[in-house]
Amino acid sequence: MTIALFLSVFLIAACGLIYELIAGTLASYLLGDTVFQFSTIIGCYLFAMGIGSYLSRFLHRGLVARFVSIELMVGVVGGFSSSILFLAFAYTEAFRFILYVVVILVGTLVGLEIPLLMRILKERFQFRELVSHVLTFDYLGALGASLLFPILLVPKLGLVRSALVFGIFNVGVALWSTYLFREQIGRTHVLRASCVVVVALLAAGTVFADRISNAADNSLYADEVIFSRTTPYQRIVLTKWKDDLRLFLNSHLQFSSRDEYRYHEALVHPGLAALPSTRHVLVLGGGDGLAVREILKYPSIENITLVDLDPEMTHLFTTHPVMSALNGHSFSNARVHVINADAFRWLDTNTEQYDFIVADFPDPTSYALGKLFTTAFYRLAAKHLASGGMIVVQSTSPLFARQSYWCIVESVKEAGMRVYPYHVYVPSFGEWGYVLGSFAPYEPPRQLPAGLRFLSTANVGELFVFPVDMQPVPAEPNRLNDQVLVRYYEQEWKDVAH
Amino acid sequence: MLSRREFFGAPALIGLWPKTDRKITGGFVNDSFPLGHRLRDRAPFRAPAQQLRVPIVIVGGGMAGLNAAWHLDKRGFRDFVLLEMEQQAGGNARWGENEISKFPWAAHYVPVPAKGESLARELFEELGVFHDGKWDERALCFDPQERLFINGHWQEGIEPEDGATLRDRAQYRRFMEKINEFRATGQFTVPMERGAKPSPLDHMSMADWMTQQGLDSAPLRWYTNYACRDDYGALAKDTSAWAGIQYFASREPEEKGPLTWPEGNGWIAARLIEKLKRHLRTGDPVYRVARSGNRIRVLTEQTEYISDAVIWAAPTFLAPYVIEGVPHVDAFQYSPWLTANLTLDRIPAQKNAEPAWDNVIYDSPSLGYVNATHMSLATHVDRTVWTFYWSLAEYAPADARRLLLAKDWNFWKEAILNDLARAHPDIRQCVAHIDIMRIGHAMARPSPGFLFSEQRAQWLKPAGNIFFANSDLSGFSIFEEAQYRGVEAAQGALRVVGSAGRPIY
Chain A
1 MTIALFLSVF LIAACGLIYE LIAGTLASYL LGDTVFQFST IIGCYLFAMG IGSYLSRFLH
61 RGLVARFVSI ELMVGVVGGF SSSILFLAFA YTEAFRFILY VVVILVGTLV GLEIPLLMRI
121 LKERFQFREL VSHVLTFDYL GALGASLLFP ILLVPKLGLV RSALVFGIFN VGVALWSTYL
181 FREQIGRTHV LRASCVVVVA LLAAGTVFAD RISNAADNSL YADEVIFSRT TPYQRIVLTK
241 WKDDLRLFLN SHLQFSSRDE YRYHEALVHP GLAALPSTRH VLVLGGGDGL AVREILKYPS
301 IENITLVDLD PEMTHLFTTH PVMSALNGHS FSNARVHVIN ADAFRWLDTN TEQYDFIVAD
361 FPDPTSYALG KLFTTAFYRL AAKHLASGGM IVVQSTSPLF ARQSYWCIVE SVKEAGMRVY
421 PYHVYVPSFG EWGYVLGSFA PYEPPRQLPA GLRFLSTANV GELFVFPVDM QPVPAEPNRL
481 NDQVLVRYYE QEWKDVAH
Chain Y
1 MLSRREFFGA PALIGLWPKT DRKITGGFVN DSFPLGHRLR DRAPFRAPAQ QLRVPIVIVG
61 GGMAGLNAAW HLDKRGFRDF VLLEMEQQAG GNARWGENEI SKFPWAAHYV PVPAKGESLA
121 RELFEELGVF HDGKWDERAL CFDPQERLFI NGHWQEGIEP EDGATLRDRA QYRRFMEKIN
181 EFRATGQFTV PMERGAKPSP LDHMSMADWM TQQGLDSAPL RWYTNYACRD DYGALAKDTS
241 AWAGIQYFAS REPEEKGPLT WPEGNGWIAA RLIEKLKRHL RTGDPVYRVA RSGNRIRVLT
301 EQTEYISDAV IWAAPTFLAP YVIEGVPHVD AFQYSPWLTA NLTLDRIPAQ KNAEPAWDNV
361 IYDSPSLGYV NATHMSLATH VDRTVWTFYW SLAEYAPADA RRLLLAKDWN FWKEAILNDL
421 ARAHPDIRQC VAHIDIMRIG HAMARPSPGF LFSEQRAQWL KPAGNIFFAN SDLSGFSIFE
481 EAQYRGVEAA QGALRVVGSA GRPIY
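Protein chains in written order, with the working numbering: chain A, 1 to 498; chain Y, 1 to 505.
Hints are computed from structural coordinates only; laboratory data are not their basis.
There could be a bad hint or two in this list.
To be verified - With a straight-line cut-off of 30 Å between C-alpha atoms, the simulated DSS-like cross-links for lysine-lysine are: (1) Y:74 with Y:102; (2) Y:275 with A:413; (3) A:383 with Y:256; (4) Y:275 with Y:134; (5) Y:23 with Y:413; (6) Y:277 with Y:134; (7) Y:256 with A:413; (8) Y:275 with A:383; (9) Y:23 with Y:115; (10) A:413 with Y:74; (11) Y:461 with Y:197; (12) A:494 with Y:413; (13) A:383 with Y:134.
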């Protein structure tokens, strides 16, 4: 009996500490700045416990029933605390506010527990013994929780389940108390029924735990995440909604399966179809194999070399049933050679020449990526063009990032090539831009491969017409030593986002 | 980037896990003081095994010696040797290489030479860096060039912007206006000898001059102090105001630079060494230079060279210990330096900041670090080498030298990591190896009064047919000064040899 009583103290102490650790961990994980989050959360939590202890004096009668209700409340609020916080982060702007409300609420309730329990037990033990026992088990519980949390709970259960499991422990203590102190309370069946309901709720929560913790991730992605992996190079996320597959690299949308044909047909055919007979093609970037799928529509092509940084990306698009189906299993084609290397460096050490080069890199969101859009890069690429060859460059949006777009055009021009800028409307992207670079004059193609879904000889010429709101603006070329593009790009997308 | 799920699986990051620092290997490398001390203490050297007649002997294979040789070679003169006491030529432009990258041991950049800097432009044209009036984009420091860790985060550029008040900014402007006025006088040139005129500015310290001008903004004072520590290894209060102003007023590049390479100025040195390797003898220190009639005998343990002219491109302070009848160089002061190359097999976590080439920590006694892989064309780098610089400017040079020798590698390793940890708390989990190089007399120090002193003027004149060429004659050690002095000395030597006629073997 005595052991059972103090075991309850041990458990509620452990629960209290777990909720505090969960709030601190979650906040530092979602907001960063660990020191700040842990300091403020521990501070608020302890202060709230003080409020709880103070408030305990105003509770006079029916202490056991009140203790059981408080346990139930701690179980509900604490148990669902990480779920609430994840969802708050995913769907509201008020994460911080909700975070501190939850911390103060749980802290206050936890602060009520020990004073009430001591008052309940004061008849059964000597004061000296009581204080010693309760506090000993209180601190032991804290120790247990703090060891269990990093070693077992976080790695094995995750934050959402850990909170729910400890919520169940709180309710367990409540239920147990209705037996221990049954002669001190009247309506035990009401309290017991409540306990059962709350346990059922918490248990149900554990079933949905993964979905809830995904919510924070999913908040960035409108649709269900069907694949996500962090490679040494990037975070690859694939989402699905009905028949729409979307690929995100570092949270940037790469394609939507519903309209990617527009993007990739426009990337490849205006240049490639205009060349008399193309044998060697180089694709830089484009690890999804979708550009290669388009290039394989030309029977004259002898080989396609694709250079992509991330082996996991090309592996995925070679072997994953859904993704390789999307690119028509182009990476399994004997004419295609996949090389995993850093494109600029690879090109610098390679001496091959190509009839057509596709530069399909992620947008210049950093100085590191910006190197792939510099005059130095285009000069090097130009050296790898066979006589009469052409390069096409994915050049971000001429509408949302107008100066960035024209900066890329200017950079290709600065490398000594004639430039032929064009654009296309891709619903999931908006207006998207490309630029063809060539030493010889260029005419849009009069013939296109069969089976295209967007491009036709009738509309290909129209791509080169820029409406007034996308027409050239002054821009400096992007150089390795002065990456104006990265600054233009950051500014322009910032303006779009706000 | 760590994924969110990995984070949940990594209890260590919650901070409740015991912290494990990894073992870091390394040691002192390239120590040159044992040989220097042997020369100073006039320790016995072996008599040379052979005698050779060589009209011009260049002593010292740093930038001054290499450029003297470059000039002789350009003028079609081939009967010379270039003697370097170390196993590797290059001097302050020495470099190293590991499986990750090449890296510099000291000098790591050259500001983009302006129009008037014809010598530097000539060399860079020959090396393919300057072509048709344009600089090779791949040799110009990539964006972002510099950043400063201040108030707990990184800002772009090293002029403190973060937290600068309106008053600070007004002072920055006023300072730059002053500098522009100085630049307009045409007295602050590169090389300095072209424009320098005796000035009262040389008789006060940079710190005093700033105080006199009412420039007391703390970030501005930090910035100018940093400039003095960086280029001269001295605090602003120990640097001639003329030299402090020279740092800012002598440069007006038309292109965003500087010129740099993964191995720093080692890139230039390596190309000069390759071009001149027929003339180069390394690992054979010169221990005596003595006149003998019209000839000069240059002694190493292997060879006694009988020459008509000698170019002394080694540091000038060594001359009295080697050259017969040369006075001591009391007026010359040298700052000792410590450089370290840190091998990182993980890149420290960076919050909202991309690593720059030059990374400086505000209010740190060190000069920060240069990232060797910055000049790589790669978009993704997961291992790198950092070159960490520390000029020990807060000590008097002699005290700093004593400290440098007294403390062991572990002491300096800890000092370096503690310094870097201010900006990179996880540095100890990223560094695998630290090699440290101690240079007792790394850079000439333009103390107040030195630049226009009688002593310096004396050393600019040849001693007979011995021509002095080290950059320390300019009062500060930078590439362009070394090149200028080397070429000047080569021209002097050629005049001697020319009047003597081409020797016949």
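Hint by hint, here is what the structure shows:
no., hint, result
1, Y:74 with Y:102, "29 Å, holds"
2, Y:275 with A:413, "36 Å, violated"
3, A:383 with Y:256, "25 Å, holds"
4, Y:275 with Y:134, "23 Å, holds"
5, Y:23 with Y:413, "12 Å, holds"
6, Y:277 with Y:134, "29 Å, holds"
7, Y:256 with A:413, "20 Å, holds"
8, Y:275 with A:383, "28 Å, holds"
9, Y:23 with Y:115, "50 Å, violated"
10, A:413 with Y:74, "38 Å, violated"
11, Y:461 with Y:197, "18 Å, holds"
12, A:494 with Y:413, "42 Å, violated"
13, A:383 with Y:134, "19 Å, holds"
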